[in-house]
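J.: Here is how the chains run, residue by residue.
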Amino acid sequence: MGKLTIGTFASLVGSYAMDFAVKLSEAAINKGHEVDLWLSGNATMLSKKGQKSFQDYSYHLKTIEGLSSTGRFNIATCDACSEARGYHKDDTISCCKRNTMDWYLASCFTADRVLMIGGD
Amino acid sequence: MKKKIAFVIKSLPYNRETSRLGLTHAIASQSVDVYLDEGDMIEPVVCFIGDGVLNCLKDQQCMKHYNNTSMETHIKNALLVDLQVYICKEDIERFGLTKDDIVTDAQEIGADKIAEIVPFDKIQGIMEEVDHLQFF
Numbered sequence: 824m825g826k827l828t829i830g831t832f833a834s835l836v837g838s839y840a841m842d843f844a845v846k847l848s849e850a851a852i853n854k855g856h857e858v859d860l861w862l863s864g865n866a867t868m869l870s871k872k873g874q875k876s877f878q879d880y881s882y883h884l885k886t887i888e889g890l891s892s893t894g895r896f897n898i899a900t901c902d903a904c905s906e907a908r909g910y911h912k913d914d915t916i917s918c919c920k921r922n923t924m925d926w927y928l929a930s931c932f933t934a935d936r937v938l939m940i941g942g943d
Numbered sequence: 037m038k039k040k041i042a043f044v045i046k047s048l049p050y051n052r053e054t055s056r057l058g059l060t061h062a063i064a065s066q067s068v069d070v071y072l073d074e075g076d077m078i079e080p081v082v083c084f085i086g087d088g089v090l091n092c093l094k095d096q097q098c099m100k101h102y103n104n105t106s107m108e109t110h111i112k113n114a115l116l117v118d119l120q121v122y123i124c125k126e127d128i129e130r131f132g133l134t135k136d137d138i139v140t141d142a143q144e145i146g147a148d149k150i151a152e153i154v155p156f157d158k159i160q161g162i163m164e165e166v167d168h169l170q171f172f
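Chains as they are written, first to last, in our numbering: chain A, 824 to 943; chain B, 37 to 172.
Hints are computed from structural coordinates only; laboratory data are not their basis. Check before you lean on any hint, since a few could be wrong.
FRET-style restraints, in silico, Cβ to Cβ [claimed, not checked]:
{"#": "1", "chain 1": "A", "residue 1": "893", "chain 2": "B", "residue 2": "70", "range": "21 to 29 Å"}
{"#": "2", "chain 1": "A", "residue 1": "876", "chain 2": "B", "residue 2": "160", "range": "38 to 46 Å"}
{"#": "3", "chain 1": "B", "residue 1": "70", "chain 2": "A", "residue 2": "918", "range": "17 to 25 Å"}
{"#": "4", "chain 1": "A", "residue 1": "825", "chain 2": "B", "residue 2": "97", "range": "39 to 47 Å"}
The beta carbon of each residue, even a glycine, is placed where N, CA and C say it ideally should be.
Just chain A, with the same shape it has in the complex (with noise of 0.2 Å):
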């Protein structure tokens, strides 16, 4: 088995990359794949705390919670990009870790491949 790095740069709302990165994740994790996804820029949005589902709007929470239960998911958010839009760190959920943007260097270093989706 492989381990997939996803850097994603869109927001939760508004595209359909977010929900493509997501997907793709659940992919590969159901194959049995590790995957690190690292959110940055308006992407830190989908790891604030509170999120609720509403018809036609994009909702991962629940998925990501469950591919973080197979501990062969890691989630991260930029800290800096979460800051700067005033979401701080006890407004992220628990399953995600906040890190800099080296841990994404990091992780793309061990990666077997590295995605950059919603880079547009």
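Fit chain B to the given chain A structure using the hints.
T.: Same frame as chain A, now just chain B:
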């Protein structure tokens, strides 16, 4: 072990934060050691192609108008920490720009490294040789 990662920046500056994130992630390679085993290292390479070459224009006024660090300053910081920076020659010419319009050094802050303006073939070669390739 050393792994090369290319950060290929093709987005316009100041439209979205994409190009800035590309460059700041590359610069973050300077502090990645804390997460790696001894002897392991990342060698980042930054390439500006397409519309992304406009990130490299001289005399940007981002600090004045938005109170944010300009891409010009980020590029100079990248050179200061000895990152390899390549800028696509054909794309510069496509915008009617010359080398004089482009940031290629940061001597005023003590950087020895120079950003190189190179043909796209050279950048393509870099993209083919790196371990991981990321587009911003």
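J.: Quick one: are residue 893/A and residue 70/B within 21 to 29 Å, going by C-beta?
T.: For residue 893/A and residue 70/B the Cβ distance comes to about 26 Å; the hint holds.
J.: Go ahead and decide if the range 38 to 46 Å is satisfied by the Cβ distance of residue 876/A to residue 160/B.
T.: With Cβ atoms ~45 Å apart, the hint holds.
J.: Could you tell me whether the CB distance from residue 70/B to residue 918/A stays inside 17 to 25 Å?
T.: holds (23 Å)
J.: Does the Cβ pair residue 825/A, residue 97/B satisfy 39 to 47 Å?
T.: holds (46 Å)
The structure is consistent with each of the numbered hints, conforming to all of them.
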